[in-house]
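Take the sequences, apply the hints, and build the full model.
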Amino acid sequence: MFYRENGQYKTTYGADQQMLPILQDRIFMAVLLLFAFIGVPLLASDYLLLSILVPFLILALAATGLNLLVGYCGQISVGHAAFMAVGAYSAYNIVLRVPQLNFLVVLVLAGLIAAAVGMLFGIPSLRIKGLYLAVATLAAQFFMDWTFARVKWFTNYASSGSVSTATIDLFGWRVDTPARKYLFLLAVVTVFTLMAKNLVRGHLGRAWMAMRDMDVAAEVIGIRPVYAKLTAFAVSSFYVGVAGALWGFVHLGSWEPLAFDINLSFTLLFMIIIGGMGSILGSFFGALFIVALPILLNQVPAMLGLPLATATKSHLEVMIFGSLIIFFLIAEPNGLARLWAIGKEKLRLWPFPH
Amino acid sequence: MSDAQGAGDVILAVEGVTLSFGGVRALNEVSFDVREHEVRSIIGPNGAGKSSMLNVINGVYHPQQGTIRLRMDGALREFHDMDPHEVALSGIARTFQNLALFKGMSVLDNIMTGRNLRMHTNLLLQALRIGPAAREEIEHREAVELIIDFLEIQAYRKTPVGRLPYGLQKRVDLGRALAMEPSVLLLDEPMAGMNVEEKQDMCRFILDVNDQMGTTIVLIEHDMGVVMDISDRVVVLDYGRKIGDGTPEEVRGNQAVIDAYLGVSH
Ligand SMILES: Nc1ncnc2c1ncn2[C@@H]1O[C@H](COP(=O)(O)OP(=O)(O)OP(=O)(O)O)[C@@H](O)[C@H]1O
Ligand SMILES: [Mg+2]
Numbered sequence: 001m002f003y004r005e006n007g008q009y010k011t012t013y014g015a016d017q018q019m020l021p022i023l024q025d026r027i028f029m030a031v032l033l034l035f036a037f038i039g040v041p042l043l044a045s046d047y048l049l050l051s052i053l054v055p056f057l058i059l060a061l062a063a064t065g066l067n068l069l070v071g072y073c074g075q076i077s078v079g080h081a082a083f084m085a086v087g088a089y090s091a092y093n094i095v096l097r098v099p100q101l102n103f104l105v106v107l108v109l110a111g112l113i114a115a116a117v118g119m120l121f122g123i124p125s126l127r128i129k130g131l132y133l134a135v136a137t138l139a140a141q142f143f144m145d146w147t148f149a150r151v152k153w154f155t156n157y158a159s160s161g162s163v164s165t166a167t168i169d170l171f172g173w174r175v176d177t178p179a180r181k182y183l184f185l186l187a188v189v190t191v192f193t194l195m196a197k198n199l200v201r202g203h204l205g206r207a208w209m210a211m212r213d214m215d216v217a218a219e220v221i222g223i224r225p226v227y228a229k230l231t232a233f234a235v236s237s238f239y240v241g242v243a244g245a246l247w248g249f250v251h252l253g254s255w256e257p258l259a260f261d262i263n264l265s266f267t268l269l270f271m272i273i274i275g276g277m278g279s280i281l282g283s284f285f286g287a288l289f290i291v292a293l294p295i296l297l298n299q300v301p302a303m304l305g306l307p308l309a310t311a312t313k314s315h316l317e318v319m320i321f322g323s324l325i326i327f328f329l330i331a332e333p334n335g336l337a338r339l340w341a342i343g344k345e346k347l348r349l350w351p352f353p354h
Numbered sequence: 355m356s357d358a359q360g361a362g363d364v365i366l367a368v369e370g371v372t373l374s375f376g377g378v379r380a381l382n383e384v385s386f387d388v389r390e391h392e393v394r395s396i397i398g399p400n401g402a403g404k405s406s407m408l409n410v411i412n413g414v415y416h417p418q419q420g421t422i423r424l425r426m427d428g429a430l431r432e433f434h435d436m437d438p439h440e441v442a443l444s445g446i447a448r449t450f451q452n453l454a455l456f457k458g459m460s461v462l463d464n465i466m467t468g469r470n471l472r473m474h475t476n477l478l479l480q481a482l483r484i485g486p487a488a489r490e491e492i493e494h495r496e497a498v499e500l501i502i503d504f505l506e507i508q509a510y511r512k513t514p515v516g517r518l519p520y521g522l523q524k525r526v527d528l529g530r531a532l533a534m535e536p537s538v539l540l541l542d543e544p545m546a547g548m549n550v551e552e553k554q555d556m557c558r559f560i561l562d563v564n565d566q567m568g569t570t571i572v573l574i575e576h577d578m579g580v581v582m583d584i585s586d587r588v589v590v591l592d593y594g595r596k597i598g599d600g601t602p603e604e605v606r607g608n609q610a611v612i613d614a615y616l617g618v619s620h
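From first to last, the protein sequence lines stand for chains A and B. If you use this note's numbering, the first sequence closes out at 354, no skipped numbers anywhere. If you use this note's numbering, the second sequence closes out at 620, no skipped numbers anywhere.
I should point out that these hints are in silico values taken from the structure, not numbers from a laboratory. Small disclaimer: the values here were computed from a predicted structure and weren't measured. Where hints are given, some of them may not hold.
[To be verified] Beyond 10 Å from chain B on every Cβ pair, some chain A residues (computed):
hint : residue
1    : 109
2    : 297
3    : 302
4    : 312
5    : 329
[What the hints assert, rightly or not] Subject to a maximum C-alpha distance of 20 Å in a straight line, what follows is the list of computed DMTMM-like cross-link-like pairs (lysine to aspartate or glutamate):
hint : chain 1 : residue 1 : chain 2 : residue 2
6    : A       : 197       : B       : 490
7    : B       : 512       : A       : 16
8    : A       : 152       : A       : 261
9    : A       : 10        : B       : 493
10   : B       : 457       : A       : 332
[Stated by the list, open to error] Here are the simulated distance ranges between beta carbons:
hint : chain 1 : residue 1 : chain 2 : residue 2 : range
11   : A       : 348       : B       : 550       : 32 to 42 Å
12   : A       : 12        : B       : 362       : 31 to 41 Å
13   : A       : 296       : B       : 476       : 37 to 47 Å
Built from N, CA and C at the ideal position, the CB exists for glycine as well.
Right, dumping it as structure tokens:
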């Protein structure tokens, strides 16, 4: 069967507005999800689950959140790890102080707190853009780093400053084995991705993109910048806050304030630059790339019989990231997602390119 | 040509508006009014202050002096420092001299943004896209499809606007404004840079909007043939001052207007 929409006529606007209008895409997505939910937990090793898939899923969620703000609404943030920290420490404190709450409720509350903080630090975006806004969000990063390192209440007065979490229990289903961690994250990330996709196809998403593409025209057709920008900050921080809580509870288990420092903020930005600004799919590509590259660098040379020194590997990693970021910024600002779209376009015409 | 006698009451009045940018007086005590259902043109040499006038009406610029009156609930009301959102709510839409489309979005989505003012489902419903959110999306899509049909751009629905030729982008800009179902439509040089056929199409769209939907049109245009043809009344600006106001015939005979245009390549 050719990859094509020929013959798939849409007779209602509802059908035309589906998330995946082409039948083959829907089949592909269904198979992928089935495989992810059933095949992967059966087949994947613990190493693959814990070292690649768990961080990949959480980072993809965080990148999606950042992409809503930067890629869709056009507002830069170089402090998003701070909102991850807010999510993580909020979840930690809620679990500590109200242990009987279900973790799903904790996640939502942690996200809401992160959203509130994100909105607060988004207020400067109403007056400033670009570089100045970047600096303002940097302030969020430093302020939150300082808060969680210095205000001992947040870390329950732990002398080392590091906090550790108990195993998540969902209605008696303990998220303890690698496969369960993976499945739990997969479910959360699937739901949040669907919601992000719906948001960007709805009127709020269009308001964000309008703000990004031409703010004066957006205002003249009645879009309020205050509303568009602050909702973008709020939703974005909500996603990133939930990702932060998951990063702390599922991936790290215990962490210190440095776990959410500015390096993580930059990593999030690199993911959406490489993966694709303004693309949910791109957020996943970017996260996969960032998680997989160090592992590839570790294993491919060894397989080829060229073992690299650890120092060389980390140098190589930085060099590859650096050059790719410059490449994508100059040649393909829409990242891997755009290359994917071009590939699909070609496939749609194949084998008759006219 | 629409009929000046068909024009109704004043729907928009500009009174004594002065707007300066530093030392530059872009508008100097300009007053004029716009009547319901008419085609009101604003002409003048480059830099005369025409676009600035629209920006004042839209609430993008706030004049140092003067007021704007808008018809709301049947009465002319005076407004000060309205922001663009409030102006949009009051039923005024606008197209731009230099294309101001949302480049990263498709034709359909660009025009859909014109419906944003009328879409109210909350964030959570949109994220879940259930019930009211899905219905609202379809309902407004139907309204937008009527505009797409009217502007004859069905073939480009899903095309990113940036890929369209200039003339079609101008149509999408008009479509986005029409999606607001405005009572007054401000058009800033909708035919600039077009060839003869494209201009004819655009003229036809403007007149159809005026006739069929009863929309009041405020038109900035440099092509005097077009202006004299389709306007009911014309305002002439020069160096920020109003130097003429009246029917096309009156304006054409006005000595100050003739002088202003002498030596200017129009
Ligand atoms: N944002 C601004 N800042 C400073 N000066 C401005 C600004 N906008 C307009 N001006 C000045 O105001 C004057 C009027 O400009 P405007 O764009 O309104 O003219 P116009 O009649 O639309 O001209 P054109 O026919 O070239 O479009 C010009 O001298 C212009 O330089
Ligand atoms: Mg102008």
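Now for the hints, and whether the structure bears them out:
1. 109: holds (15 Å)
2. 297: At roughly 34 Å from the nearest Cβ of chain B, residue 297 (chain A) sits farther out than 10 Å, so the non-interface label holds.
3. 302: The assertion about residue 302 (chain A) holds, with a minimum of 42 Å to chain B.
4. 312: Residue 312 (chain A) clear of chain B: closest Cβ-Cβ about 40 Å, beyond 10 Å.
5. 329: holds (16 Å)
6. A:197 with B:490: holds (17 Å)
7. B:512 with A:16: Holds. Residue 512 (chain B) to residue 16 (chain A) sits at ~11 Å (cutoff 20 Å).
8. A:152 with A:261: holds (18 Å)
9. A:10 with B:493: holds (16 Å)
10. B:457 with A:332: OK: residue 457 (chain B) and residue 332 (chain A) at ~16 Å, within 20 Å.
11. A:348 with B:550: 32 to 42 Å: Holds, since residue 348 (chain A) and residue 550 (chain B) (Cβ atoms, about 37 Å apart) stay within the stated range.
12. A:12 with B:362: 31 to 41 Å: Given about 40 Å between the Cβ atoms, the range holds.
13. A:296 with B:476: 37 to 47 Å: At 44 Å between Cβs, range holds.
Checked against the numbered hints above, the structure breaks none of them.
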